[in-house]
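Number of protein chains: 2
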Amino acid sequence: MCNLHGELVASYDKYRTELIEAGLLLESGVQGVYGLSGTFEGIIEAFERYVTRAGAELNPEVVRFPPILNRKTYLSTDHIETMPDLMGSIHTFKGSQLEHLDMVDKMNKGEDWTRSLAPADVMMIPAACYPLYPTAANTVLPSEGRLVDLRSFVFRHEPSPDPARMQIFRQREYVRLGTPEQAHAHRDYWLGKGQEMLTALGLPVKAELANDPFFGRGGKVMAATQKEQELKFELVVAVASEEKLTAISSSNCHLDHFGKEFNITTENGEFAHTACIGFGLERITLALLKTHGLDPEQWPSEVKQQLEL
Amino acid sequence: MCNLHGELVASYDKYRTELIEAGLLLESGVQGVYGLSGTFEGIIEAFERYVTRAGAELNPEVVRFPPILNRKTYLSTDHIETMPDLMGSIHTFKGSQLEHLDMVDKMNKGEDWTRSLAPADVMMIPAACYPLYPTAANTVLPSEGRLVDLRSFVFRHEPSPDPARMQIFRQREYVRLGTPEQAHAHRDYWLGKGQEMLTALGLPVKAELANDPFFGRGGKVMAATQKEQELKFELVVAVASEEKLTAISSSNCHLDHFGKEFNITTENGEFAHTACIGFGLERITLALLKTHGLDPEQWPSEVKQQLEL
Chain A
1 MCNLHGELVA SYDKYRTELI EAGLLLESGV QGVYGLSGTF EGIIEAFERY
51 VTRAGAELNP EVVRFPPILN RKTYLSTDHI ETMPDLMGSI HTFKGSQLEH
101 LDMVDKMNKG EDWTRSLAPA DVMMIPAACY PLYPTAANTV LPSEGRLVDL
151 RSFVFRHEPS PDPARMQIFR QREYVRLGTP EQAHAHRDYW LGKGQEMLTA
201 LGLPVKAELA NDPFFGRGGK VMAATQKEQE LKFELVVAVA SEEKLTAISS
251 SNCHLDHFGK EFNITTENGE FAHTACIGFG LERITLALLK THGLDPEQWP
301 SEVKQQLEL
Chain B
1 MCNLHGELVA SYDKYRTELI EAGLLLESGV QGVYGLSGTF EGIIEAFERY
51 VTRAGAELNP EVVRFPPILN RKTYLSTDHI ETMPDLMGSI HTFKGSQLEH
101 LDMVDKMNKG EDWTRSLAPA DVMMIPAACY PLYPTAANTV LPSEGRLVDL
151 RSFVFRHEPS PDPARMQIFR QREYVRLGTP EQAHAHRDYW LGKGQEMLTA
201 LGLPVKAELA NDPFFGRGGK VMAATQKEQE LKFELVVAVA SEEKLTAISS
251 SNCHLDHFGK EFNITTENGE FAHTACIGFG LERITLALLK THGLDPEQWP
301 SEVKQQLEL
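Chains A and B, in that order, give the protein sequences.
Numbering-wise (the UniProt record's numbering), the first sequence opens with residue 1 and increments by one.
Numbering-wise (the UniProt record's numbering), the second sequence opens with residue 1 and increments by one.
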């Protein structure tokens with residue numbers, strides 16, 4: 001087990017080093033936080049246009065949220081209970097000039113100066129769809145439900161040597177709000193469609209039943225329940241490691257979890273169900289670079305054609 | 001003075017309400033944090049392509065940083081000393097299951113649960129070029145210097161009813177690292193070029209000598225020095241208010257401030273000078289919407305042509 005882990009870390013280190021040496025990733029000195037080259041970003045942009053084309057016939061509403069959300073919204077979800085170790089709470093300095101001198105003094109002495117900070121009204125976004133639900137709070141959905149196209153940076157505090165496990169990355173999502181049937185159909189449609197789309201890019205993804213990384217002992221029960229109810233599927237493929245595959249897309253049913261929390265209802269007065277497909281944009285780019293090589297100009301012509309690169 | 005302030009807030013409220021009613025901005029419940037509609041984001045994307053075309057002949061390196069940076073990098077700048085009230089420090093939960101129960105209990109009782117958090121290794125980015133300098137640390141620049149094209153979300157804790165004063169927004173920047181002459185020439189070139197570019201979009205911008213919003217009494221001295229040395233110019237235009245103009249672009253000389261902090265040198269062994277032009281993408285979009293109307297399809301054809309909308 002220990003050896004297996006060592007091999008895994010070695011494969012992470014190898015691919016990460018290749019990416020850095022090729023200038024595709026720039027190191028920040030913190031695990032999982034990188035600058036991206038123009039080439040890397042260009043692949044993300046091309047993939048995003050591919051996603052836009054795939055969803056165009058469904059005529060989604062488009063909303064773009066910044067990487068932060070209202071602290072109250074965060075606390076309206078159960079993230080603090082279920083995944084506290086991944087959260088990002090934003091704190092700032094609200095004190096006087098005297099308190100400022102004291103804080104700077106602490107910093108200069110190598111003491112914990114952050115105790116001088118106070119929480120701001122915002123948190124990092126844990127998943128692209130979180131900031132959407134409060135904008136639909138206390139509304140009744142139209143009979144056809146709603147389909148929303150989202151993209152946001154999301155934050156997860158999980159420093160890792162795996163270049164595919166970033167602390168901050170972008171999710172492109174299609175979210176459905178509607179009846180249980182509408183939500184379920186959305187999830188199933190996009191699980192198939194997503195698999196098709198990624199396969200067409202030469203990524204041999206397979207769908208796997210999955211669970212969120214819930215915290216602690218209670219989390220194990222929640223994860224088992226989530227799997228039993230078949231709420232989460234991931235599309236996985238080899239990125240840094242051939243042995244441990246990486247999820248590059250995930251398709252989730254939330255049941256009426258968010259509908260209840262934000263009082264979003266369907267025409268018949270029941271709490272709305274929601275479901276989403278999320279594409280991990282940096283991970284998909286890393287999978288493409290791993291599969292087809294570090295120079296997109298040399299990628300197979302079918303892949304370039306699909307991406308209109 | 002009080003009345004003037006009242007009028008200003010009224011003009012902020014009026015424009016913000018118009019934008020929200022038109023569906024261009026979505027409220028988050030926190031001042032200065034909004035969701036953006038597809039139309040709003042489409043203008044940003046078009047303006048970004050316009051900036052790319054304007055800089056293409058200079059053949060810049062392209063780097064894209066995420067909205068967070070290494071805490072050590074943040075502390076290598078003097079931001080904690082000069083603008084602590086704008087900072088965003090990211091904290092997370094690193095405790096045990098027992099400590100988790102205690103934190104959730106505090107939250108449920110309405111107590112300050114954030115005291116259970118610990119600082120993560122990352123902070124919010126205060127300006128788009130901050131994460132660039134450490135990637136050039138301890139290097140000697142080529143004789144022609146370096147030109148880097150950046151875009152990043154930046155965070156500034158300054159909640160405001162002014163729709164143009166967001167807590168999180170995107171800066172698109174061209175940064176020059178080189179000799180004092182190269183840096184100065186870059187600033188002057190882009191100050192003129194930026195003014196041309198924005199004027200061509202029907203925005204009657206004017207260049208104004210400016211200063212950063214330094215903290216406290218000492219900050220007043222720093223601001224005066226910055227003005228005296230003519231280090232910062234802003235391109236300002238009416239956005240929410242005709243009386244109080246809004247900076248939508250800013251052009252800055254940093255002298256050898258970052259060169260020294262990160263030991264970046266020129267061929268002759270001196271510390272590099274740096275300079276940048278930054279375009280405030282959300283503000284420029286708000287200026288365009290204010291000037292030409294809330295429906296981009298109805299904008300003057302010259303403007304649409306320039307933006308290839």
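If you're looking for bench data, these hints aren't it; they were derived computationally from the structure.
Take these hints with a grain of salt, some might be off.
In the SDA-like style, the derived pairs of lysine to any residue whose C-alpha atoms are separated by at most 20 angstroms in a straight line are [stated by the list, open to error]:
| # | chain 1 | residue 1 | chain 2 | residue 2 |
| --- | --- | --- | --- | --- |
| 1 | A | Lys-72 | B | Leu-147 |
| 2 | A | Lys-109 | B | Val-104 |
| 3 | B | Lys-72 | A | Glu-27 |
| 4 | A | Lys-220 | B | Gln-306 |
| 5 | B | Lys-94 | A | Lys-227 |
| 6 | B | Lys-193 | B | Gln-306 |
| 7 | A | Lys-72 | B | Glu-81 |
| 8 | B | Lys-72 | A | Lys-227 |
| 9 | A | Lys-227 | A | Glu-196 |
| 10 | B | Lys-72 | A | Val-30 |
To give an idea of the interface, some chain B residues facing chain A are shown, with a C-beta separation under 10 angstroms as derived from the structure [as the list claims (entries may be wrong)]:
| # | residue |
| --- | --- |
| 11 | Gln-31 |
| 12 | Glu-41 |
| 13 | Gly-192 |
| 14 | Glu-196 |
Fair warning: this is a prediction, and the values are worked out from it, not measured in the lab.
Note that CB positions come from ideal geometry on N, CA and C, so glycine has one too.
Subject >> Hint check against the structure, violated hint numbers in rising order >> reply: 1, 2, 4, 5, 7, 8, 9, 13 and 14
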